[in-house]
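S.K.: This is what each chain is made of:
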Amino acid sequence: MRQALAMFRRLDRYIVPVLILGGWEVFSRSGALPAALLPAPSTVLWAWADWVFGTDGNTQTYSGNWLFDMLASFSRVLAGFAIATALAVSVGVAIGWSRTVEVIIERTLQTLRPIPPVSWIPLAIIWFGIANKPAIFLVFLGAFFPILLNTIHGVKTCDRNLIRAGAMVGGGNRQLLRFIVLPAALPSIFAGLRIGIGSAWMLTVTAEMVAVKSGLGYVLWDSYYFLRYDLVLAAMASIGLLGFLSDFGIRLVMARVLHWQRNTTIQSGES
Amino acid sequence: MATIEISGVSKVFKDAKRKADVTALDDINIKVEKNQFLCLLGPSGCGKSTLLNMIAGFEKPSSGTVTVDGQLITAPGSERGVVFQQANLMPWLPVWENVGFHLLLRGGQKAVRRETAQRYIDMVGLTGFENHYPSELSGGMNQRVGIARALLMNPQVILMDEPFGALDEQTRMDMQNELVRIWQEHQGTIVFVTHGIDEALTLGTHVAVMSARPGRIREIIPLDLSRPRDITSPQFNEIKRHVLDLLRSERAKTSLETLDHP
Chain A
1121 MRQALAMFRR
1131 LDRYIVPVLI
1141 LGGWEVFSRS
1151 GALPAALLPA
1161 PSTVLWAWAD
1171 WVFGTDGNTQ
1181 TYSGNWLFDM
1191 LASFSRVLAG
1201 FAIATALAVS
1211 VGVAIGWSRT
1221 VEVIIERTLQ
1231 TLRPIPPVSW
1241 IPLAIIWFGI
1251 ANKPAIFLVF
1261 LGAFFPILLN
1271 TIHGVKTCDR
1281 NLIRAGAMVG
1291 GGNRQLLRFI
1301 VLPAALPSIF
1311 AGLRIGIGSA
1321 WMLTVTAEMV
1331 AVKSGLGYVL
1341 WDSYYFLRYD
1351 LVLAAMASIG
1361 LLGFLSDFGI
1371 RLVMARVLHW
1381 QRNTTIQSGE
1391 S
Chain B
26 MATIEISGVS
36 KVFKDAKRKA
46 DVTALDDINI
56 KVEKNQFLCL
66 LGPSGCGKST
76 LLNMIAGFEK
86 PSSGTVTVDG
96 QLITAPGSER
106 GVVFQQANLM
116 PWLPVWENVG
126 FHLLLRGGQK
136 AVRRETAQRY
146 IDMVGLTGFE
156 NHYPSELSGG
166 MNQRVGIARA
176 LLMNPQVILM
186 DEPFGALDEQ
196 TRMDMQNELV
206 RIWQEHQGTI
216 VFVTHGIDEA
226 LTLGTHVAVM
236 SARPGRIREI
246 IPLDLSRPRD
256 ITSPQFNEIK
266 RHVLDLLRSE
276 RAKTSLETLD
286 HP
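Protein chains in written order, with this note's numbering: chain A, 1121 to 1391; chain B, 26 to 287.
Possibly wrong hints are sitting among the right ones.
Restricting the straight-line Cα-Cα distance to at most 20 Å, the calculated cross-link-like pairs of lysine to any residue (SDA-like) are [claimed, not checked]:
(1) B:K85 / A:P1242
(2) A:K1276 / B:S69
(3) B:K135 / A:K1276
(4) B:K85 / A:N1281
(5) A:K1333 / A:F1346
(6) B:K135 / A:N1281
(7) A:K1253 / A:A1202
(8) B:K85 / A:R1280
Hints in this document: simulated from the structure, not taken from any laboratory.
Here chain B stands alone, though its shape is the one from the complex (with noise of 0.2 Å):
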């Protein structure tokens, strides 16, 4: 059974200032299986992170539907971990109580929240900073807190946006080892939005190269790459190159455009 279905899905924004309506995703039709690791891969402004908002039930579509394990999505739930661009902590919380915080909102015990959200800690490799402050952490650091945070949820669907592009060329790559660890132990369906050619084929089972303007799928790839992936092996590379050539006939098409409509 499918977890993620998404089915012509459209997201048409209303400019009501200049009069001019802009279609940011245009049917959108993608399936992710249970225990997949999807990443959505594409140019800034092709609406790879509405597609994820919506997923997440922070935005609705114009039409179309998004349903997980066939229930329709209408609003943001605790069964939808999402990482955010930006750790996004409560800056008065320490890390534990971040990482806890949705068995703060449920009412729980002091005393099985500091637990069980030591386990997580622990497993985001933050052993020691259970009582920092996030404005005392770097920033890859706040990003473990909010993975920590969304894990814990025990969710069966965990949303990334973007989690690593604040981050350093060395964090980036510590992280997404520390993920993809992560995602084998834990098992889960992963959606992760990207702009990152190497990223998306690093960690993904399946890819989506996406186009800008409007946003439409051109192709899903599955990645048949044994793990840990060699980003210099030829196979990384005869993928990258397809990627590539996707994303560049892709800009030769809108340059065109804009010759067509100066």
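Okay, chain A solo, but in the shape it has when bound (with noise of 0.2 Å):
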């Protein structure tokens, strides 16, 4: 009973992938849809694997081409996400520390916020063309605000006592700012950090259907036009994949730098 319950306790986790796999590989194959308009799992994973390594070319232009396609979508995140970080942490510290700089841009930021980055596409390509660089600045977009928000916050909610200890022990601004503001509101940081990825990698994708023709949001669009809806769904299981490894990055970052919160917070029990 108890060996069971062990062995459960390390399943437990892959129940409900497992589940909804077989079901979707039973009723694929059942008939009910044209097997074309609902590939099951395994046709998804023939495709895929072709696509990654060129095993039978089922997959044609595309066959052994993954990594291509999968590192240009992700130089594209990584590139708006950190200028988005950089710019997004220094403009958010700013505003939450000094008021007279809050007052200057703040309002024009918050009205900017509520347009969507997508809305941005016809003039990210005026400006940009048609290639990386309009990918990047719609992925910089979606990045920025939330990364912008928490740090904001972070800084804003920074304990006023702590800064008086600061000051106490003979800090200037500049020394409260780096060694109080700023290690205070990083757990607010990396909040918005992993709202920000979700956002470049979402963007990433939707740039790459319409003004791009490399990565794996323009594979995904290129293969709906071609009928070839395994391929579109290994391209959508890659992007999720790939979104949660960049997820899981930061998580990773960020057990490092904020390990003094361990054991203080209902997180910190997580494995």
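Using the hints, build the complex out of the two chains.
M.R.: The structure is reproduced here in structure tokens:
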């Protein structure tokens, strides 16, 4: 009994995915829908394998090109996300810390924020052409605001007593900012980064469908035109996987940087 | 030469919402000599913390001046160490970095910071907890870290705002003994805010009894009691009775006022 329970503990997280995939496989093979409309997981896997390793050439021009497509998308995400992080954190700290800066630029930024990044696509194409740049620009737009808002929040909610303690030991404004406000805002900044990386992937894929001729989003849209729904699904799965991995990467960094939070929050019990 | 001089200090808090100004402190005059241990004793709301914050430089008097060694106080500074009601430690720094925070801000070498911090960690009896984080320690231990942080700056003046208020009786008594020991070894001027009569009489060389609304100094009583102090001795109780009388007549006065203006 105890052994069965231990086994369940180890397998519990796989139960739902296995049920979904199994049900889907059975449903697709049952013939309730034409096979082309909802390819079975096994078919998707077959197409995916060829896309990644070039096994039998069933994905034609994409055969064996996955790594290249993946890197194209990933580099766009990385570039846009890095620019967004650098800018949003510095602007956010300035807005949170200085009333003057807040008055001067906060209203403008809050007015730009509700404009969906996707609606910038026409302008992005006119300004940057069809290549990496418009995609990076969109990724930047998507990641910038969540990081900015969380940074402002983190700075503003910094405990005033800690600032007093810092002033008491002889800290000037710059030192207070660097040694107290910034570390105090980090948990909030990381929350912003995790939301930001999600938007970043969303916008890379959107940009690649419209304004770029490479990357996972481009393959997805192109396969749709060629009625290769198995490849569409393989592209979707690839994007999901990479999104998950980039978020996982941020969480690893976060666990290192915020290790002082261990055992102080509910989250710290999580493995 | 007097270390701390408070002359003619008043503090009025403007309450714009209710259009009524509150006089928290009214014409306070105190001289604290070098190496004195002054306890500010009074009921809550008598402005004793406000007075301490003005010596620390966190707040400015509405009128009057606060000087330390002749220097007019306008801002916080590391020659005045403050121990807060709550420890106010940086939760992301281990104990030794918190103790050496002063040196961290000054850009000191890590090895030097570590070594200096260690001396003060040993002094407050936290040896072995150098690498713990504040969240891993008890309230009393965190308060010790706060004391060590203030001592490390080697300040001429230490200001303490009910630092043991949140501790249990046993721990508080231990900490009081510890504080007296450190003060005797270290020397320096201490201003200690408390609402505990026993605490004030156990610690201080002088007690300033304050009255509330507006905050005024009723009387400054020198304490000529031998240390360690025996809180059951006749002399101790005699002074305690006097202090209680001062506080009681204060209470009677305020309740009469309330009757006059219901």
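S.K.: For each hint, tell me whether it holds in the structure or not.
M.R.: Against the structure, the hints:
1. With a C-alpha separation of about 57 Å, the suggested pair K85 of chain B and P1242 of chain A falls outside the 20 Å cut-off, and the hint is violated.
2. Distance check on the hinted pair: K1276 of chain A and S69 of chain B sit about 30 Å apart at the alpha-carbon level, beyond 20 Å; violated.
3. Simply put, K135 of chain B and K1276 of chain A have alpha-carbon atoms about 30 Å apart, too far for the 20 Å limit, and the pair is violated.
4. A hinted pair counts as satisfied when its Cα atoms are at most 20 Å apart, and K85 of chain B with N1281 of chain A qualifies at roughly 17 Å.
5. At most 20 Å may separate the alpha-carbon atoms for a hinted pair to count; K1333 of chain A and F1346 of chain A meet this at roughly 15 Å.
6. A threshold of 20 Å between alpha carbons decides the hint, and for K135 of chain B with N1281 of chain A the separation of about 26 Å lies outside it, so the pair is violated.
7. For the hint linking K1253 of chain A to A1202 of chain A, the alpha-carbon distance of about 14 Å falls within 20 Å, and the restraint holds.
8. The hinted pair formed by K85 of chain B and R1280 of chain A meets the criterion: a straight-line CA distance of about 17 Å does not exceed 20 Å.
Of the numbered hints stated above, those contradicted by the structure are hints 1, 2, 3, 6, listed in ascending order.
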